[in-house]
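Enquirer: Please work from the sequences and hints to get the whole structure.
Residue numbers (this note's numbering), protein chains in the order written: chain A, 1 to 81; chain B, 1001 to 1150.
If you're looking for bench data, these hints aren't it; they were derived computationally from the structure. Source: prediction; values computed, not measured. Keep in mind that the hints are not guaranteed to be accurate.
Straight line, CA to CA, 25 Å or less: simulated SDA-like cross-link-like pairs of lysine to any residue [said to hold, decoys possible]: (1) B:Lys1060 to A:Ala67; (2) B:Lys1060 to B:Trp1149; (3) B:Lys1060 to A:Asn23; (4) A:Lys41 to A:Thr63; (5) A:Lys41 to B:Lys1060; (6) A:Lys3 to B:Gly1056; (7) B:Lys1148 to A:Asn23; (8) B:Lys1060 to A:Thr63; (9) A:Lys41 to A:Ala62; (10) B:Lys1060 to A:Asp68; (11) B:Lys1060 to B:Glu1005; (12) B:Lys1060 to A:Ser61; (13) B:Lys1060 to B:Phe1095; (14) A:Lys41 to A:Asn23; (15) A:Lys3 to B:Arg1064; (16) B:Lys1060 to B:Ser1047; (17) B:Lys1060 to A:Leu5; (18) A:Lys41 to A:Glu30; (19) A:Lys3 to A:Ser61; (20) B:Lys1060 to A:Val55; (21) A:Lys3 to B:Glu1120; (22) B:Lys1148 to B:Ala1031.
Now the stretches of chain B that chain A is said to cover, found in silico as 3 or more residues with beta-carbon under 8 Å [as the list claims (entries may be wrong)]: (23) 1043-1053; (24) 1108-1119; (25) 1123-1132; (26) 1135-1143.
Don't be surprised by glycine CBs; every beta carbon is placed ideally from N, CA and C.
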Amino acid sequence: MIKVLFFASLRARLGTAEYRLQNFSGSVDELRAHLGEQNPKWQAPLMAADIQAAVNREMASATTSVADGDEVAFFPPVTGG
Amino acid sequence: MDFIEVRTESFAVAEEFAALRAHNRSDGACAMFVGSVRDFNAGAGVSGLALEHYPGMTQKNLQRIVADARSRWELGRVRLLHRVGPMAVEEDIVFVGVTSSHRQSAFAACHYIMDRLKTEAPFWKLESGDAGDTWVAARDSDRQALEKWQ
Chain A
1 MIKVLFFASL RARLGTAEYR LQNFSGSVDE LRAHLGEQNP KWQAPLMAAD IQAAVNREMA
61 SATTSVADGD EVAFFPPVTG G
Chain B
1001 MDFIEVRTES FAVAEEFAAL RAHNRSDGAC AMFVGSVRDF NAGAGVSGLA LEHYPGMTQK
1061 NLQRIVADAR SRWELGRVRL LHRVGPMAVE EDIVFVGVTS SHRQSAFAAC HYIMDRLKTE
1121 APFWKLESGD AGDTWVAARD SDRQALEKWQ
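Expert: Here it is in structure tokens:
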């Protein structure tokens, strides 16, 4: 199982904070595409160019690999401080 | 010695300064930065904000930033506090305090920690005000500010 988390404006646009999926392995970008295929309404917000990702709580790139047991988060650019 | 905390409660700058200075005879310099909620953004009035974060990632990320600052400069104590949750205009959001034997290191490390935090630490601001509730957009200037440390 892979646990997917969404934060801030992305969470608001998708209307959900957390999603779990089984049987996936691939890259962060492939996961993004997969989630968009499963939930067509998510496609536009998830595919936005500025969306960033973290895998197991470390910043990830489009090609970082995702496997069973991982926690993946998608979010817009950070605005703290 | 590092103190890094993400919290909902407010903090007192005087107490933070006291903690940086107490029984610290070797560091002659202390630089501090405080970021607060201001009453405008992108031309619209702001009455307050709510700060969201990624709990599992934030602490780890802040620790890494402070560790990287320590690898660049000789530092004594570092205190980094960041609030989450609802805040009103004028309330303080973030505190960075750094001591060192010399001012150059303290100034630079304080600046560096804030520049990294602004572009990397997983915090997001939702402002409320004249324009309703608005997620704050990231600024290019924050990203550019980071370039001077590379």
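Enquirer: Look at each hint and say if it fits the structure.
Expert: Comparing the hints with the structure gives:
no.: 1; hint: B:Lys1060 to A:Ala67; in the structure: 22 Å, holds
no.: 2; hint: B:Lys1060 to B:Trp1149; in the structure: 21 Å, holds
no.: 3; hint: B:Lys1060 to A:Asn23; in the structure: 29 Å, violated
no.: 4; hint: A:Lys41 to A:Thr63; in the structure: 24 Å, holds
no.: 5; hint: A:Lys41 to B:Lys1060; in the structure: 33 Å, violated
no.: 6; hint: A:Lys3 to B:Gly1056; in the structure: 13 Å, holds
no.: 7; hint: B:Lys1148 to A:Asn23; in the structure: 43 Å, violated
no.: 8; hint: B:Lys1060 to A:Thr63; in the structure: 22 Å, holds
no.: 9; hint: A:Lys41 to A:Ala62; in the structure: 21 Å, holds
no.: 10; hint: B:Lys1060 to A:Asp68; in the structure: 22 Å, holds
no.: 11; hint: B:Lys1060 to B:Glu1005; in the structure: 11 Å, holds
no.: 12; hint: B:Lys1060 to A:Ser61; in the structure: 18 Å, holds
no.: 13; hint: B:Lys1060 to B:Phe1095; in the structure: 17 Å, holds
no.: 14; hint: A:Lys41 to A:Asn23; in the structure: 22 Å, holds
no.: 15; hint: A:Lys3 to B:Arg1064; in the structure: 24 Å, holds
no.: 16; hint: B:Lys1060 to B:Ser1047; in the structure: 31 Å, violated
no.: 17; hint: B:Lys1060 to A:Leu5; in the structure: 17 Å, holds
no.: 18; hint: A:Lys41 to A:Glu30; in the structure: 17 Å, holds
no.: 19; hint: A:Lys3 to A:Ser61; in the structure: 17 Å, holds
no.: 20; hint: B:Lys1060 to A:Val55; in the structure: 13 Å, holds
no.: 21; hint: A:Lys3 to B:Glu1120; in the structure: 22 Å, holds
no.: 22; hint: B:Lys1148 to B:Ala1031; in the structure: 19 Å, holds
no.: 23; hint: 1043-1053; in the structure: holds (count 3)
no.: 24; hint: 1108-1119; in the structure: holds (count 4)
no.: 25; hint: 1123-1132; in the structure: holds (count 4)
no.: 26; hint: 1135-1143; in the structure: holds (count 4)
In terms of the numbered hints stated before, the structure departs from hints 3, 5, 7, 16, listed from lowest to highest.
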